[in-house]
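K.L.:
For reference, the chains in residue letters:
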Amino acid sequence: MNAGCHFLTITIERVDYKMKILQIIVLVIHIFAALGLIIAVLLHSGRGGGLSGAFGGSSSSMFSGSYVVEKNLDRITIVLGIVFAITTLLLLWLLAPK
Amino acid sequence: MKILSGFRDAFKVPDLRKKILFTFGILAIYRVGCFIPSPGVDVKKVVEQVEGQPLLRFLNIFTGGGLARMALFGLGIMPYITASIIMELLSAVIPKVKEWHQEGELGRKKITQVTRYLTLVLAMMESAGLIVSFRNNPEANILPNLTFARGVLIVLTLVSGMALLMWLGELITERGIGNGMSILIFAGIIATMPTEGMNMIRAVYMRNPALLGVVALAAIAIIVGVVYMERGERRIPVQYAKQVRGRRLYSGASTYIPVRVNTAGVIPIIFAASVIHFPLIIANFFPALQGFAMRFTTGSITYFVVYTGLIIFFSYFYTAIIFDPFELADNLKKYGGFIPGVRPGMPTVNYVARVVNRINLPGSIYIAAIALIPAIFFVYFGTAEIPIGGAAVIIIVGVALETMLQIEAQLQMRHYEGFLSR
Chain A
5 MNAGCHFLTI TIERVDYKMK ILQIIVLVIH IFAALGLIIA VLLHSGRGGG LSGAFGGSSS
65 SMFSGSYVVE KNLDRITIVL GIVFAITTLL LLWLLAPK
Chain B
-7 MKILSGFRDA FKVPDLRKKI LFTFGILAIY RVGCFIPSPG VDVKKVVEQV EGQPLLRFLN
53 IFTGGGLARM ALFGLGIMPY ITASIIMELL SAVIPKVKEW HQEGELGRKK ITQVTRYLTL
113 VLAMMESAGL IVSFRNNPEA NILPNLTFAR GVLIVLTLVS GMALLMWLGE LITERGIGNG
173 MSILIFAGII ATMPTEGMNM IRAVYMRNPA LLGVVALAAI AIIVGVVYME RGERRIPVQY
233 AKQVRGRRLY SGASTYIPVR VNTAGVIPII FAASVIHFPL IIANFFPALQ GFAMRFTTGS
293 ITYFVVYTGL IIFFSYFYTA IIFDPFELAD NLKKYGGFIP GVRPGMPTVN YVARVVNRIN
353 LPGSIYIAAI ALIPAIFFVY FGTAEIPIGG AAVIIIVGVA LETMLQIEAQ LQMRHYEGFL
413 SR
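Chains as they are written, first to last, in the working numbering: chain A, 5 to 102; chain B, -7 to 414.
This is chain A alone, in the form it adopts within the complex (with noise of 0.2 Å):
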């Protein structure tokens, strides 16, 4: 009985241990993720036009080509993007209040 307990209770020190260690991990690659995510979409030229075009301005849309560089910072975005949104639900499950 006590020796069972023991062991019980060693069990869910480990299982804590490897949580915190995963809850660590997790944050390091959100923060980048979360920096890399705004650095990458500032790095784009933006193409929202402002306000002039919102809500019923005269909106002229300029065809621009999109650029090598323009593509490879897309994918870059995206792959960020769904990092971030992975890591986000995974600290939702982590830092849950308990």
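FYI, nobody ran anything at the bench for these hints, they're computed from the structure. Virtual Cβ for every residue (Gly too), placed ideally from N, Cα, C.
DSS-like mimics (lysine-lysine), calculated; alpha carbons at most 27 Å apart, straight line:
1. B:Lys11 - A:Lys75
2. B:Lys36 - A:Lys24
3. B:Lys101 - B:Lys90
4. A:Lys75 - B:Lys102
5. B:Lys326 - B:Lys101
6. B:Lys10 - A:Lys75
7. B:Lys88 - B:Lys101
Beyond 10 Å from chain A on every Cβ pair, some chain B residues (computed):
8. Arg127
9. Ala195
10. Val196
11. Val206
12. Gln235
13. Tyr248
14. Gly337
15. Met338
16. Arg346
Computed Cβ-Cβ distance ranges for the label pairs, DEER-style:
17. B:Lys326 - A:Asn76: 37 to 43 Å
18. B:Asp7 - A:Gln27: 43 to 49 Å
19. A:Met23 - B:Ala84: 53 to 59 Å
20. A:Leu39 - B:Lys102: 23 to 29 Å
21. A:Asp78 - B:Gly337: 44 to 50 Å
22. B:Glu91 - A:Asn76: 31 to 37 Å
23. B:Lys326 - A:Asp78: 36 to 42 Å
24. A:Val72 - B:Phe140: 41 to 47 Å
25. A:Leu26 - B:Ile182: 34 to 40 Å
26. B:Ile182 - A:Leu39: 30 to 36 Å
27. A:Asn76 - B:Arg240: 44 to 50 Å
28. B:Pro6 - A:Leu39: 37 to 43 Å
29. A:Val72 - B:Pro6: 24 to 30 Å
Using the hints, position chain B against chain A.
P.N.:
This is chain B only, laid out in the frame that chain A set:
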């Protein structure tokens, strides 16, 4: 049936079909992001908190319910809108920004770039403000075991979610249909419509079931009225001179300059709303100001008067920024056009400015009236605030009309008839 065949035609053109599907795809991603909460937030408690505060409820509608979950896209696209408004206003104050405005393509790019930086700064301030205001309310216990590091984590998550959303909006503008930012706001409002609509119906029903019919009729009347006013324009006739270019004779065409009744669109409402809620936001940080701030809550006399004044003021202000009579007169002269009965140069400028100013008065009164409808509801029913109506209706109608016109233009380019019979 005309409309249905319009839709069929729109899907027949492969290029257009791709654009429409692309837009829907981005919107799907946007909706998913509205449901992923940031780490370390107790979602249920945030929802309760947001429901209880009029300002947060107002913001929640514009973010498609994302704010109520402190979601990845919880800040919505509002910081971007605020940043662009600030940039527009700065152009009237700082000469450097005004210079950019007049530089054409290159200047616009610079302005857009600064707007994007400013957006993220504003997003950071807003999310930090949210966290502080939630912490000041300890019994709600929204952020369990909040530490400084956790606060920073939430801010970081929200800000980079905002960056992602901004990029999605730009993608829609670039490769999809319509203006991305307004489409995103549009989608957010539509998404909260069922819940908010049910709340409204319930509130009215509790008061008097017979009133439901009246409210439904009023809603239809408002929508028809908004469409009517949004499409309304004054046409200033323009005559072009006959001219010979090379061996061809271009006969003088007569066209018109359209001056819309509501040139400024919904921007005066958005801006007036954020200004009038400013005391409430400040009071969140400084509880001593609570009494002063309460004067500006929905339903008080001060609120009505100040709100109306602000909307009319911003309507004139924004029209003055985006509609430049000098530039218009200049362009007319360059292309050999003139307004019959008005001499070119200064008289033309004065004439156009007068027409715009005059047509702006009914225009500004109209948007003020539309914006005040929810407030009037609030006073009359004395129940919960009903944030739908006003700004939301104008945005929905405006964005829908504009997007439809854009698809229409694309269809006509390929010899289909489009949606509108003429």
